[in-house]
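Colleague: Heads up: the protein sequence lines correspond to chains A and B, in order. Using this note's numbering, you'd call the opening residue of the first sequence number 1 and step up by one each time. Using this note's numbering, you'd call the opening residue of the second sequence number 1 and step up by one each time.
Hints in this document: simulated from the structure, not taken from any laboratory. Quick reminder that beta carbons are idealized off the backbone N, C-alpha and C, glycines included. Among the hints, a few may not be true.
[To be verified] 25 Å max Cα-Cα, derived DSS-like pairs, lysine-lysine:
| no. | chain 1 | residue 1 | chain 2 | residue 2 |
| --- | --- | --- | --- | --- |
| 1 | A | Lys128 | B | Lys78 |
| 2 | A | Lys183 | B | Lys164 |
| 3 | B | Lys103 | A | Lys183 |
| 4 | B | Lys128 | A | Lys125 |
| 5 | B | Lys183 | A | Lys103 |
| 6 | A | Lys56 | B | Lys103 |
| 7 | A | Lys128 | B | Lys103 |
| 8 | B | Lys183 | A | Lys78 |
| 9 | A | Lys128 | B | Lys128 |
| 10 | A | Lys164 | B | Lys183 |
| 11 | A | Lys10 | B | Lys183 |
| 12 | A | Lys56 | B | Lys128 |
| 13 | A | Lys183 | B | Lys128 |
| 14 | A | Lys56 | B | Lys56 |
| 15 | B | Lys125 | B | Lys10 |
[Claimed, not checked] In silico negatives: residues of chain A with every beta carbon more than 12 Å from chain B:
| no. | residue |
| --- | --- |
| 16 | Glu62 |
| 17 | Asn65 |
| 18 | Gly68 |
| 19 | Arg77 |
Listed here are the chains, written in short residue letters.
2 protein chains.
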Amino acid sequence: MSNHISIPLKDSYKLFNHGPVSIITSAHGDKRNIMAAAWTMPLDFSPAKVAVVIDKNTYTRELVNASGEFGLQFPMRKIAKLTLDVGDVSGRDTDKFSRFDIKTFSASKIAAPLIEDCIGWLECKVIKQGAEEMDLIVGEVVAAYADAEQFLNGRWHFSDDPQKRSIHYMAGGELYVTGEMFKTESGYSAE
Amino acid sequence: MSNHISIPLKDSYKLFNHGPVSIITSAHGDKRNIMAAAWTMPLDFSPAKVAVVIDKNTYTRELVNASGEFGLQFPMRKIAKLTLDVGDVSGRDTDKFSRFDIKTFSASKIAAPLIEDCIGWLECKVIKQGAEEMDLIVGEVVAAYADAEQFLNGRWHFSDDPQKRSIHYMAGGELYVTGEMFKTESGYSAE
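Isolated chain A (complex conformation) (with noise of 0.2 Å):
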């Protein structure tokens, strides 16, 4: 089981500012889904904000409608199998939660359950919607922890362990771990 801490919502920024891949969790009534999102950024510092792009079509757009909030996380690359196969299935006909054996725990202030082996977890309440035309979403944080292991201090120290880092989204099934971590100060620029 991940060993998550609470984070202030003002530091929420941090759990993806490095672009990281998304899982979004819905839930509304007895229904719940799970998809994965590379289109996600924070939008605010204080009050925190995040912007989330869900196709209009989805499950889980409808059960963040119905609900008016979602949980949002970032993987580690352990579950880099998990995240994209949960995008096989459509949450309408299966519980993904129980044909993908999904580690859950739960949240504190949103009904949708959070997933394990992730880095860090957010959970948002919408606030507003996109225009007609647009998919985007726009959710206050309300909670925010962050995997205690790599977050010390209020920043990360990623473990040398690639399969705890987290992970970047490109299309066609191909994604990027989390590199070196490095400062400009350091003289690693070519300036």
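With chain A fixed as given, assemble chain B onto it according to the hints.
Modeller: Same frame as chain A, but now just chain B:
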């Protein structure tokens, strides 16, 4: 000089689907500016759209509002220092292009210049601005280019030279280089 090739607009999301940091260029009349932005994402495939966060108080926002267009590009690690340095002074007082001796080339459909040593470039026209309290801007992609050396047959083949890779911004001057590519079919997943 970067060797850039034009790519289909529907493929333009591939330039930053993996969440690298960006540089936004803008121009209006004889004024021009450049800023770094971590909060950008694709918003749609066709017509290709992007969402970017540009603080309402910035000079860049002033030029983007006035001109209705902007350049969005994804720097290679070799200009990581420049990417962060341009945020330390305001373009209101200084022409940053001269001050930092920034190498540029002309865009085809917008007035803002594009920056050399990036992996990809998007020319964008503003189609929507966020509500009063939001710093969000939605742009339609009207031209797209990729680094000819690394983008082949519609997909990335990132160089082994880390100086040519894209970079991801975290906070406090810390960046991450885009790491190794993997596919979940390859058995990397711990499923």
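Colleague: All hints, please: hold or fail.
Modeller: Now the hints, each set against the structure:
Pair hint Lys128/A plus Lys78/B does not hold up; C-alpha atoms about 38 Å apart against a cutoff of 25 Å. A threshold of 25 Å between alpha carbons decides the hint, and for Lys183/A with Lys164/B the separation of about 16 Å falls inside it, so the pair holds. About 22 Å separates the Cα atoms of Lys103/B and Lys183/A, which keeps this hinted pair within 25 Å; it holds. For the suggested pair Lys128/B and Lys125/A, the alpha carbons sit about 23 Å apart, so the restraint of at most 25 Å is met.
For the suggested pair Lys183/B and Lys103/A, the alpha carbons sit about 22 Å apart, so the restraint of at most 25 Å is met. Of the supplied pair hints, the one linking Lys56/A and Lys103/B is violated, its CA atoms being roughly 41 Å apart against a limit of 25 Å. Between the alpha carbons of Lys128/A and Lys103/B the distance comes to roughly 40 Å, so the proposed pair goes past 25 Å and is violated. Of the supplied pair hints, the one linking Lys183/B and Lys78/A holds, its CA atoms being roughly 12 Å apart against a limit of 25 Å.
Annotation: proposed proximity of Lys128/A to Lys128/B holds, straight-line Cα distance about 15 Å (limit 25 Å). Between Lys164/A and Lys183/B the alpha-carbon distance is near 16 Å, which keeps this suggested pair within the 25 Å criterion. Of the supplied pair hints, the one linking Lys10/A and Lys183/B is violated, its CA atoms being roughly 34 Å apart against a limit of 25 Å. For a cut-off of 25 Å, the pair hint linking Lys56/A to Lys128/B stands: about 19 Å separates their Cα positions.
About 35 Å separates the Cα atoms of Lys183/A and Lys128/B, which puts this hinted pair outside 25 Å; it is violated. Of the supplied pair hints, the one linking Lys56/A and Lys56/B is violated, its CA atoms being roughly 29 Å apart against a limit of 25 Å. With a C-alpha separation of about 16 Å, the suggested pairing of Lys125/B with Lys10/B holds against the 25 Å cut-off. With a minimum CB-CB distance of about 20 Å to chain B, Glu62/A clears the 12 Å threshold, and the non-interface call stands.
Residue placement check: Asn65/A keeps its beta carbon more than 12 Å from all beta carbons of chain B (closest about 18 Å). For Gly68/A, the non-interface assignment is confirmed: its Cβ lies about 18 Å from the closest Cβ of chain B, beyond the 12 Å cut-off. Listed as a non-interface residue, Arg77/A fails to keep its Cβ farther than 12 Å from every Cβ of chain B; the least gap is roughly 7 Å.
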